[in-house]
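Engineer: Residue numbers (this note's numbering), protein chains in the order written: chain A, 1 to 123; chain B, 1 to 114.
Hints were generated in silico from the structure; no laboratory data involved. Virtual Cβ for every residue (Gly too), placed ideally from N, Cα, C. Take the hints with a grain of salt, since some may be wrong.
Derived, one-sided and incomplete: chain B residues facing chain A with beta-carbon distance under 8 Å [claimed, not checked]:
hint: 1; residue: Phe12
hint: 2; residue: Tyr27
hint: 3; residue: Val29
hint: 4; residue: Arg36
hint: 5; residue: Asp93
hint: 6; residue: Val100
Below, each chain spelled out in residue letters.
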Amino acid sequence: MNKGLTKGEIEAAIRNAIIKFEQEFMGRGPEDVRAFIVRDLVVVRLKGVLTPAERQLAKTAEGVEMVKSIRQALIAQGRDQLFEQVSKIVGARVLAIFTDINAQIGEKVFVFTVDRDLENLGR
Amino acid sequence: MENAIRNAIIKFEQEFMGRGPDEVRAYVVRDLVVVRLKGVLTPAERQLAKTVEGIDMVKRLRQNLIAQGRDKLYEQVSEITGAKTLAVFTDIDVQLSERVFVFTVDREIQNGPR
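So that you can see chain A by itself, here it is in the shape it has in the complex (with noise of 0.2 Å):
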């Protein structure tokens, strides 16, 4: 799939799927979205992935912790969709999915390893 594709286009690609998947199925579009590649690593981090509800929350420290284990447990969930498609935008096989949420400043980010170096695609 990505013959011909810059990294630069992958990396929006990339960054279209993981607004979709939020919107989607997490239920809400997050703010602001970057990917970026590095090596055998995509980076993605979200600002914004939590609804006014869940902000209010996050206001104690047991409400960070409810946050954080429902959205690992919702994640948990999609995991397998959103291998496939980072699979797909990439062209390479995704190895495994490391994700965490700041809900203090609604942050989160992914971190997905695949099977070989991207970074010289397109070139």
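Place chain B on chain A using the hints.
Structural biologist: Same frame as chain A, now just chain B:
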């Protein structure tokens, strides 16, 4: 700089988490520092991670441990990059025994002389 981050993370894992990882790679991308660690689990944890319940336990334990060391990590990454660390994101894949850290900092980092 990537090498300095790599060494700081290795030291942190050895001294604070109690086990040096098999392999660590660090990358600076704009205002992010991405660190990938392989071989982070102890033999006992790897054994525990053979069941779904064990995976959860290891993950939870590791997350709680890292929360305790957060300030130290912030400080070290800030010192190396010369930028203020805003947040640290981390996740562990227990089956693969791999861990990732992503630090966000308050400016784009110039990665050494070009």
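Engineer: With reference to the structure, classify each hint as holding or not holding.
Structural biologist: Hints and how they fare:
1. Phe12: With a closest approach of 17 Å, the Phe12 of chain B hint is violated.
2. Tyr27: Given a least distance of 5 Å, the restraint on Tyr27 of chain B holds.
3. Val29: holds, 5 Å
4. Arg36: For Arg36 of chain B, the interface hint holds, since the closest Cβ of chain A sits about 7 Å away, which is under 8 Å.
5. Asp93: Result: holds, 5 Å to nearest chain A Cβ.
6. Val100: Result: holds, 4 Å to nearest chain A Cβ.
Checked against the numbered hints given earlier, the structure breaks only hint 1 and satisfies all the rest.
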